[in-house]
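J.: Here is what each chain is made of, one letter per residue.
Protein chains: 4
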Amino acid sequence: MELNCDVLRRPLRGVIPPMVTPLLERDTLDAAGLERLIEHILGGGVHGLFVLGTTGEAPSLSYRLRYELTERVCRQVQGRVPVLVGITDTSFTESVNIASKATEAGAAAVVLAPPYYFPAGQAELLEYLRHLTPELPLPLFLYNMPSYTKAVFEPQTVRAAADISGIVGLKDSSGDMAYFHQLQPLLKDHPDFSLLMGHEELLAEAILLGGHGGVCGGGNLVPELYVELYNAACSRDLPAVEALQKKVMQISTTIYSVGRYESSYLKGLKCALSCMGICGDFLAEPFHRFRCAERDVIRRHLEELGIVQRD
Amino acid sequence: MELNCDVLRRPLRGVIPPMVTPLLERDTLDAAGLERLIEHILGGGVHGLFVLGTTGEAPSLSYRLRYELTERVCRQVQGRVPVLVGITDTSFTESVNIASKATEAGAAAVVLAPPYYFPAGQAELLEYLRHLTPELPLPLFLYNMPSYTKAVFEPQTVRAAADISGIVGLKDSSGDMAYFHQLQPLLKDHPDFSLLMGHEELLAEAILLGGHGGVCGGGNLVPELYVELYNAACSRDLPAVEALQKKVMQISTTIYSVGRYESSYLKGLKCALSCMGICGDFLAEPFHRFRCAERDVIRRHLEELGIVQRD
Amino acid sequence: MELNCDVLRRPLRGVIPPMVTPLLERDTLDAAGLERLIEHILGGGVHGLFVLGTTGEAPSLSYRLRYELTERVCRQVQGRVPVLVGITDTSFTESVNIASKATEAGAAAVVLAPPYYFPAGQAELLEYLRHLTPELPLPLFLYNMPSYTKAVFEPQTVRAAADISGIVGLKDSSGDMAYFHQLQPLLKDHPDFSLLMGHEELLAEAILLGGHGGVCGGGNLVPELYVELYNAACSRDLPAVEALQKKVMQISTTIYSVGRYESSYLKGLKCALSCMGICGDFLAEPFHRFRCAERDVIRRHLEELGIVQRD
Amino acid sequence: MELNCDVLRRPLRGVIPPMVTPLLERDTLDAAGLERLIEHILGGGVHGLFVLGTTGEAPSLSYRLRYELTERVCRQVQGRVPVLVGITDTSFTESVNIASKATEAGAAAVVLAPPYYFPAGQAELLEYLRHLTPELPLPLFLYNMPSYTKAVFEPQTVRAAADISGIVGLKDSSGDMAYFHQLQPLLKDHPDFSLLMGHEELLAEAILLGGHGGVCGGGNLVPELYVELYNAACSRDLPAVEALQKKVMQISTTIYSVGRYESSYLKGLKCALSCMGICGDFLAEPFHRFRCAERDVIRRHLEELGIVQRD
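Protein chains in written order, with my numbering: chain F, 1 to 311; chain R, 312 to 622; chain S, 623 to 933; chain A, 934 to 1244.
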């Protein structure tokens, strides 16, 4: 476990894809697909791996499966990059339980969105964090995800949280860049605090304007694209940024935009991975995989994007 | 367990309070308080008991504690009234797990709101129910709770669900009486399907206009009030209904309305039970009990309502 | 104008339909249709007429047309019932202008929802009312319509508003019966303050539990149905209430529920009036009348309801 | 009027501040303040002026005052920059009326958000635009402002709208940069279509990644700051961008963030202009100017920002 301390540089920088969870059935991991997926992602030169987030369908998985996944991932990654494990839960105790398993497995950090059934106020969120962090053996990243959790980590709450020992960063999936920009001056006394962008469409500008990295779902498919974009933005190579940003938007407006469903992002991502032969497209309930017609559309998009070969 | 089949009349009618979960600490039941609370509620003549709902803070509790609570409640109730157990969860598998424990414990039915992290569409909700019911050993009540779950069981979905074997009723906590009234004609071919009102403020009109019962949080405090109101409404005694409705609204606008918090209902309810000497007022995170000033206000309200004696 | 004072009994009680605005074109009244519609509604024994509300598409109409409508309606009604005129606007000055025209025309009262572009806070709403009422020559009804105006008149704001000279009632179109019930005890010192229910589906229970009347859109189609329901509820004739409520729900789940549009209520209502030969179905932009297929569905519903004869 | 055609380059590029409307009273322009404000803004080198937007409190103003303002502004600007006039209204006819006055006054273009009382669907919005544009004598900019209008111009709707003759651009005030990025590939066949960013906090990244300009409220206070930022972003001078972006965020997190009100942006802006001696701080109802305590905070912020001298 000493390895973890080494691999978690602070601030954490770079591309940390939120891994999808390959499933054979509702409560059965696709172990072979998982291995292929991990190697595919790491092969793209990413800087970390985030499991059991929203993209990982964590809330839909049994605890047993979440533990199994965490163990398998850490075992296979073997410290090549830091593994971040989502511990978001409506129950404080269960969050601690997952964190404990993540520690045993060798994860580098844990990630927590607000409890998402009862909508907590800001003071309650801060108290929650103050009570939780002493029980966590790993550094904690906050996860701002208001559309799913009904609660925002407001800027002043993030500033106060950055003073709590053990809280080392924030992943913002609000899609609200003004919020992201507000955080930076508030955190100027915490140069080690990572600001990570949760929307891949906003990675470029986040990095250009002072962010540290991105949690890019498309990193499951073409991890090298996001790594290149991250590098281009870090080195202020704006022509490269523009060209790569176009590709990012193409993925976003094709693969993630089939059907009219809230879940089109998740379905499109898993369907594409299946078309690429990496892992199956089974989704945990309440969602279901795309049917043939939509799968054909995804396949065509992948061909146009040059991600899979035309038949 | 045969007893259960006997006690669950169909349609289930009457007052079925959603029990608060007495806690000593975050993960420790207040066992003595729980015993007092159960006897207090049953002493009011209620027709059922619903544990592990929103009022029971179920999503904030560990699974271990949820199981312990279910067992203790069923053991003490001993079939005097049907016990309904909430199995709402974001994970299909965990819902099945709780239902299985509830069956072992001797519960009469289970209650399910939509999975509340990913917002499912209507077709997905219906498929969810079709997959879930065969795995449940007990009859299932739907729980419509859009403000917390982000998903509505739309009227046509309820009608379709009523055709699924094992689904026996719906508790509506939307607060939308037009929705409630829309359900009745749609369910006219299912006379055994229970329509239960989740807001005690709307119990009277729900019963007057064809509903079967109510899940009244105030039933933790003064169960007999809601039973009387239910009886008055059943017997079309409108003067009594009006008088009792006034008392119901008095509780609603005093005990549940202290502070500005989303959680004022839960905090007020537990604080009042503590003032009454029934159980402690510890709340599971992310919430916290009222402080002294607010507790004094609650106590004064209870005195004015005649629920506790003036000092 | 003295007539107005006579016709506005306080509290205003009964059924006050929100009249649709018959149009030939975007900015042209259907004057003949308007005459027929007024006589049709008054023929049903209603207790008032509300023009330029949401059902009247007021915000979509030019001021010129709003003035013309107000004059024509008042002239034709001739004091048979009180005419209430909507003055809701985002501009204080324009609200005063419409109120002034309404006074000249002979209206009995005006009706105001919160300004609906900028979301005002409660203190701002109250100050708005304090500034506005001295400029209004007619009594004012508040109009609670949060889904369209983004602002609620919260119960304590209504209580404070009831103390302002000139404010005589509230029409609640929130659909939230618990809100409606909360208002009653708060207004117990204002027995002249009218509480009117804005959802016809909730008219029965509003009257049974202490409300004074209802603003029923279906009163454009079958005014006598809502008058009968109102009378049955007033006289506590519950079997009649139940039978009539069924018809009300039938209209609500058929005529108002064609298509998937937010606007299905408005489109259905105008389409039905057109099928009944009362007035045309032209809608002001941004909406448009139903096309043939939907019109056929509405016609069939009207036949099944016995409102129009089968061909 | 031929001048207008000259001044409206396509695509319109640069900084086009949304001017506040200086008022002496509810329905009285502050004519002297207006003159000072216009010269102050134009003195900063801006590329256009947008009146009667949200910042201009247009929906709260009487039509008479909107016309007076339009005339005064156009007369004073005298074609130095293009004047854009907001015609957003809930009534189609009134939008046409304002556009007609704007044309007479010599405006260069008009700006329209969706009608904001009834929430129109996408097909209805598109039909609205198809009906409206033939009646407008000036080019039209769309104004995406979902938080206030309840309706989004979805990307496919914008693409279709770009094909309508007379529609020349879009101002996006959604705050959703992913939406902004989605528009660009959809509009690649319309190189003349302006994409303007409505949030000054996002101006830098909008320009860096292909946008044409920004509608910056802070341009009322320190127009040269936004012009410099725009120029730095155009010339890809990232160190300058970062330094200027910091100042932009400082204004945003101080001047616009006093009090807890939805209206803190508007109140802060007008209060600051008053402290700077440019125009009064009277706000149209439903809002009200800051009181002394808040004004002192604004003044101190202005001093710290170096915008006004310390006493």
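Do not take every clue at face value.
[What the hints assert, rightly or not] Here are the simulated lysine-lysine pairs, DSBU-like style, with alpha carbons at most 35 angstroms apart:
1) Lys810(S) x Lys1121(A)
2) Lys869(S) x Lys499(R)
3) Lys461(R) x Lys1083(A)
4) Lys723(S) x Lys558(R)
5) Lys1034(A) x Lys247(F)
6) Lys246(F) x Lys558(R)
7) Lys1180(A) x Lys869(S)
8) Lys558(R) x Lys499(R)
[What the hints assert, rightly or not] Listed below are several chain F residues computed to face chain A (Cβ distance under 7 angstroms; list not exhaustive):
9) Glu39
10) Leu42
11) Gly45
12) Ala162
13) Glu201
14) Met249
15) Thr253
Worth flagging that the hints you see were computed from the coordinates, not collected in a lab. Note that this is a predicted model, so its numbers are computed, not measured. Even glycine gets a Cβ: it sits at the ideal position worked out from N, Cα and C.
J.: For every hint, state whether the structure bears it out.
T.: Going down the list of hints, with the structure as the test:
1. For a cut-off of 35 angstroms, the pair hint linking Lys810(S) to Lys1121(A) is broken: about 64 angstroms separates their Cα positions.
2. At roughly 14 angstroms between alpha-carbon atoms, Lys869(S) and Lys499(R) fall within 35 angstroms of each other, so this suggested pair holds.
3. A C-alpha spacing of about 18 angstroms is found between Lys461(R) and Lys1083(A), which places the hinted pair at or below 35 angstroms, so the restraint holds.
4. Using a Cα cut-off of 35 angstroms, the hinted pair Lys723(S) and Lys558(R) is violated, with the two alpha carbons roughly 45 angstroms apart.
5. A distance of roughly 45 angstroms separates the Cα atoms of Lys1034(A) and Lys247(F); the hinted pair therefore is violated under the 35 angstroms criterion.
6. Note on Lys246(F) and Lys558(R): the hinted pairing is violated, with a Cα-Cα distance of about 63 angstroms set against a maximum of 35 angstroms.
7. Between Lys1180(A) and Lys869(S) the CA atoms are separated by roughly 63 angstroms; this puts the pair beyond 35 angstroms, and the hint is violated.
8. Note on Lys558(R) and Lys499(R): the hinted pairing holds, with a Cα-Cα distance of about 33 angstroms set against a maximum of 35 angstroms.
9. Taken as an interface hint, Glu39(F) does not check out: its beta carbon lies about 30 angstroms from the nearest beta carbon of chain A, beyond 7 angstroms.
10. Interface hint status for Leu42(F): violated, as the beta-carbon distance to the closest one in chain A is roughly 27 angstroms, over 7 angstroms.
11. About 24 angstroms separates the beta-carbon of Gly45(F) from the nearest beta-carbon of chain A, more than 7 angstroms, and the hint is not met.
12. Proximity of Ala162(F) to chain A is violated relative to the hint, the smallest CB-CB distance being about 16 angstroms (cut-off 7 angstroms).
13. Interface hint status for Glu201(F): upheld, as the beta-carbon distance to the closest one in chain A is roughly 4 angstroms, under 7 angstroms.
14. The interface hint given for Met249(F) is met, as the beta carbon of that residue sits about 5 angstroms from the closest beta carbon of chain A, less than 7 angstroms.
15. Of the supplied interface hints, the one on Thr253(F) holds, with its beta-carbon coming within about 6 angstroms of a beta-carbon of chain A, less than 7 angstroms.
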